[in-house]
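Engineer: Protein sequence lines, in the order shown, are assigned to chains F and V.
Heads up: the first sequence runs through residues 409 to 522, numbered per my numbering.
Heads up: the second sequence runs through residues 409 to 522, numbered per my numbering.
No wet-lab data here; the hints were simulated from the structure.
The structure presented is a predicted model; accordingly, all values stated were derived computationally and were not measured.
Heads up, a few of these hints could be off.
You can't tell identical chains apart in this list, so a pair holds if it fits in one copy or across any two.
Unchecked claim - Below, a list of computed lysine-lysine pairs in the DSBU-like style, where the Cα atoms sit at most 30 angstroms apart:
id: 1; residue 1: K492; residue 2: K512
id: 2; residue 1: K499; residue 2: K453
id: 3; residue 1: K512; residue 2: K453
id: 4; residue 1: K418; residue 2: K492
id: 5; residue 1: K492; residue 2: K521
2 protein chains.
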Amino acid sequence: MPTNSDRFAKTPEPPYYAVIFSAQRTEGEHGYGQMAARMTELAVKQPGFLGIESTRDAEGFGITVSYWSSEDAIAAWKQHLDHKPAQEAGKKVWYVDYQLRVAKVERAYGKVKS
Amino acid sequence: MPTNSDRFAKTPEPPYYAVIFSAQRTEGEHGYGQMAARMTELAVKQPGFLGIESTRDAEGFGITVSYWSSEDAIAAWKQHLDHKPAQEAGKKVWYVDYQLRVAKVERAYGKVKS
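From just these sequences and the hints, can you work out the full model?
Structural biologist: If you want it as structure tokens, here you go:
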């Protein structure tokens, strides 16, 4: 039985913020995997970063939810200079369509084995 | 190039609510696909339902985000009698781990071709 508990973000008690990013990938790799890994590595180091959950199916439709302590932390990450080229390439090369939503998490429950 | 624009929820201008459900599936089918399809069909008909986005990778890690007009609409769907058996089977049979977060969407942007 798969456990995969590291796929879940270990977030604190709410309130905190979520960035819900849904995207349909274009066909072909175009350096996506490498850049995505680098962006996650960088995001994790940002002030206010709380965690990330991400998955994508065989059709290339993916959802990534990153969790942050505040809206300011989200704004700072959006403006981060090393993040900008990835955002541009996302719009131009990697994503057919995408949608980004910023939301305030008010309640959370579940069961995640540690 | 895949378009798959129907995979995106066509939500109105914020504010509205999101239920972010992350889950690791157990191995084996155990009637999951049929129940999941039936629950989506039923959710779509509920008052206040705005849309749903869902994806799962080959490891069985999935994220489903459903969008709702209000917290009351979310509470009513949680309590819906036909939804309860699926919630129970989720905990006991289908999910190794899961996490559910209720969040208020404050901002949204993106590019989705219709």
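Engineer: Hints first: check each against the structure and report whether it holds.
Structural biologist: The hints, checked one at a time:
no. : hint        : in the structure
1   : K492 / K512 : both (24 angstroms within a copy, 26 angstroms between copies)
2   : K499 / K453 : within (24 angstroms within a copy, 33 angstroms between copies)
3   : K512 / K453 : both (21 angstroms within a copy, 26 angstroms between copies)
4   : K418 / K492 : both (27 angstroms within a copy, 27 angstroms between copies)
5   : K492 / K521 : between (36 angstroms within a copy, 23 angstroms between copies)
Checked against the numbered hints given earlier, this structure breaks none of them.
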